[in-house]
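There are 2 protein chains.
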Amino acid sequence: MQNQSLFVKMSLLTWEGQLKRATNLLNTLTDEQLSQEIAADRNTGAYVVGHLIAVHDAMLPLFGLGEKLHPELEETFITSPDKSGKPMPTLSQLREYWKEVHQHLGEKFAGLSEEQWFQRHSSVSEDDFSKEPHRNKLNVLLNRATHLGYHLGQLVLLKS
Amino acid sequence: MQNQSLFVKMSLLTWEGQLKRATNLLNTLTDEQLSQEIAADRNTGAYVVGHLIAVHDAMLPLFGLGEKLHPELEETFITSPDKSGKPMPTLSQLREYWKEVHQHLGEKFAGLSEEQWFQRHSSVSEDDFSKEPHRNKLNVLLNRATHLGYHLGQLVLLKS
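Protein chains in written order, with my numbering: chain A, 1 to 160; chain B, 1 to 160.
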């Protein structure tokens, strides 16, 4: 295996490993558990799940892979904090979006060449990218993996 | 820049980014806050911090960079759960170990060549490594970054 495909493989394994753990956890948590706060006076599990879906969905336009599937989630789960009164999908909808967005991302990611992973994402200018070539798509994926790990460490607190 | 050196840089930035966030958080949390549980009936902040130090310290022998600085932490913070009654360093000692271990790791990491980052770590056999070349030191570092993110998402709950 050439080193370049090794980098992509290592990054995808890091992302997929966190995603698999989160999906497994989500499948064991009941709607009642997900409606609870992860700790006293903190975000609810439902908000954290919606936040993750919205952040992951945003990788599509960021990577030039098409439009978001659920642009309406941004206002409730990224721009606004929990309990903002903004329209909130049901837990059953959130579970469906989770599957839908991650399946779609998986298909799109599989179609990216190694070269494309090392190209800039859409929120860095060509000029900045020429000076900071590490600001590529693969780097965003690594950041999303640690971000997912961060919230996974919180969602696990909802387990009985 | 070649993709190989770029990928080493991206991985180190991912690790260092999480480490910086954790160190900053630790510096703002009081000993009293760190003595609390991250959520009802869960691990204390002190246990989580000791666990992270012990796990990070173990990268030294795993990467062939020498012995652990604090091998005594393994029994309390890796093998045993919180509140096991095993000898527990004070918070002031833990804060000191945190600095010491991460400064030492930083120096050792700076001395690793790109080639060395892509070599196997000591818990994978040569035979397995020839079939699974992604099981290298850099991959462990990425895993440690998501593991750190996981616990960072918990420690942040101790903030008032």
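Calculated from the structure, these hints are not laboratory results.
Be careful, since some hints might not be right.
No copy is singled out in the list; a pair is fine if it fits within one copy or between any two copies.
Okay, derived cross-link-like pairs now, BS3-like style, lysine-lysine, Cα gap no bigger than 30 Å in a straight line [said to hold, decoys possible]:
1. LYS83 with LYS159
2. LYS86 with LYS131
3. LYS131 with LYS83
4. LYS108 with LYS131
5. LYS131 with LYS159
6. LYS159 with LYS86
7. LYS131 with LYS20
To see whether the hints hold, each was checked on the structure:
no. : hint               : verdict
1   : LYS83 with LYS159  : both (22 Å within a copy, 20 Å between copies)
2   : LYS86 with LYS131  : neither (40 Å within a copy, 51 Å between copies)
3   : LYS131 with LYS83  : neither (41 Å within a copy, 50 Å between copies)
4   : LYS108 with LYS131 : both (28 Å within a copy, 27 Å between copies)
5   : LYS131 with LYS159 : neither (45 Å within a copy, 37 Å between copies)
6   : LYS159 with LYS86  : both (27 Å within a copy, 26 Å between copies)
7   : LYS131 with LYS20  : between (35 Å within a copy, 23 Å between copies)
This entry does not satisfy hints 2, 3 and 5, going by the numbered hints stated previously.
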